[in-house]
Amino acid sequence: MSEKEGKRLAIVVESGTVDKLYCAFILASTAVAMDMEAHLYFTFFGLQMLVKGAMEKAGLPATYKHLERKMRENLERMKYPTPYEMLKRLKQSNLFKMYACSPSMEMFGIKREDLIPEVEEIVGAATFLEIAAEADVTLFI
Amino acid sequence: MSEKEGKRLAIVVESGTVDKLYCAFILASTAVAMDMEAHLYFTFFGLQMLVKGAMEKAGLPATYKHLERKMRENLERMKYPTPYEMLKRLKQSNLFKMYACSPSMEMFGIKREDLIPEVEEIVGAATFLEIAAEADVTLFI
Amino acid sequence: MSEKEGKRLAIVVESGTVDKLYCAFILASTAVAMDMEAHLYFTFFGLQMLVKGAMEKAGLPATYKHLERKMRENLERMKYPTPYEMLKRLKQSNLFKMYACSPSMEMFGIKREDLIPEVEEIVGAATFLEIAAEADVTLFI
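Protein chains in written order, with the working numbering: chain A, 19 to 159; chain B, 19 to 159; chain C, 19 to 159.
Fair warning: there could be bad hints in the mix.
As the list makes no split between identical chains, a pair holds if one copy fits it or if it spans any two.
What the hints assert, rightly or not - Listed next, the in silico DSSO-like pairs over lysine-lysine satisfying Cα-Cα at most 30 Å (straight line):
no.	residue 1	residue 2
1	LYS129	LYS97
2	LYS129	LYS115
3	LYS129	LYS88
4	LYS25	LYS129
5	LYS83	LYS25
6	LYS75	LYS25
7	LYS25	LYS88
8	LYS97	LYS109
9	LYS109	LYS70
10	LYS75	LYS106
Quick caveat, the hints were computed from the structure, so don't treat them as lab data.
Since this is a predicted model, take the numbers as computed values, not measurements.
Chain A on its own, in the form it takes in the complex (with noise of 0.2 Å):
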């Protein structure tokens, strides 16, 4: 039994890009492992990475773009997990949960039958603060 057991991660997923949803879903998927509970709530462009197809075109940041072909050569050299791999590998864990925010769908005309399956609840800023309110660590990526 881990001694962080009853811990909680609570991460808001602002950005779209491929390195920022590595982040979330690492730290995400370690937390799991070490018996934390771990919540990511999508919002603006990381909603927008919820939508069909959208995550596997995921890029690098316009800062950071001359790196992007590197980076994709290890990763599929380390023979690294997708993002969506690693998504729907959280998403069996009860440990773990995800939210997707409901104004952002709607500044960017995106409806419930746009998004991946895996998303289960659609939901406002409060739930997310509720749930950020007793969480350990809390990170805004």
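Using the hints provided, position chains B and C relative to the given structure of chain A.
The following block gives chains B and C in isolation, referenced to the frame of chain A:
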């Protein structure tokens, strides 16, 4: 009486783009509506958004620039308040406090009289850390 | 004796731009001056800034590139320390600890001997989460 009464949200607003301003102000507004304190510390490009007239011109980050037009159209159709309108509403709550980062002002040659009148306190990082160390949710946006 | 003694700041440094390095190092320096522990975990583009010579070349993000010259001139006039100078000062405090993310090194083909000598620990996300789960302020920069 909310169960979140007495809880505290503390955010560093480092970014100067419209999506990040919305994130900060939506989270702060939601917090205040839940009887939580909300403290926003504006630094770097976030501080620049406190210069008179700047917030109205805030756009999307370079990486997501192509989404700007669609987002603006949807926000208008939704009659969504602008970031500055949200800030002015927040100022009516005594649970809300905002701080301008003094070193950032010197770094970018910004004077007190350049700032919007809503700014009351110009402080350094120590003030933010004192507040954040007693907060329940801490984020860097 | 400070009232903040025994408090802890834990930051993920994911970005590799000069504004974000300043944010991380200013917050860490302020924390240490307040008798708080400061833990910085460098990953992705933050990790790349630990390669010898990289920190000196750090610029502003694409979105804010037009502000770079003005900021540099002001920093010089203010005789503000560079990020690397701030890091070297931080290393003199036993309240400060920094960590290099091991998977990021593999993703970008970076070897231990490529890193500045200030790096002592090369670890994974679990180490960071263990530290962050006991921290009072957690940020992702």
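A quick look at each hint next to the structure:
{"no.": "1", "hint": "LYS129 with LYS97", "result": "between (33 Å within a copy, 19 Å between copies)"}
{"no.": "2", "hint": "LYS129 with LYS115", "result": "within (20 Å within a copy, 35 Å between copies)"}
{"no.": "3", "hint": "LYS129 with LYS88", "result": "between (35 Å within a copy, 15 Å between copies)"}
{"no.": "4", "hint": "LYS25 with LYS129", "result": "neither (33 Å within a copy, 33 Å between copies)"}
{"no.": "5", "hint": "LYS83 with LYS25", "result": "neither (36 Å within a copy, 38 Å between copies)"}
{"no.": "6", "hint": "LYS75 with LYS25", "result": "neither (33 Å within a copy, 39 Å between copies)"}
{"no.": "7", "hint": "LYS25 with LYS88", "result": "neither (36 Å within a copy, 40 Å between copies)"}
{"no.": "8", "hint": "LYS97 with LYS109", "result": "within (21 Å within a copy, 36 Å between copies)"}
{"no.": "9", "hint": "LYS109 with LYS70", "result": "within (16 Å within a copy, 39 Å between copies)"}
{"no.": "10", "hint": "LYS75 with LYS106", "result": "within (17 Å within a copy, 39 Å between copies)"}
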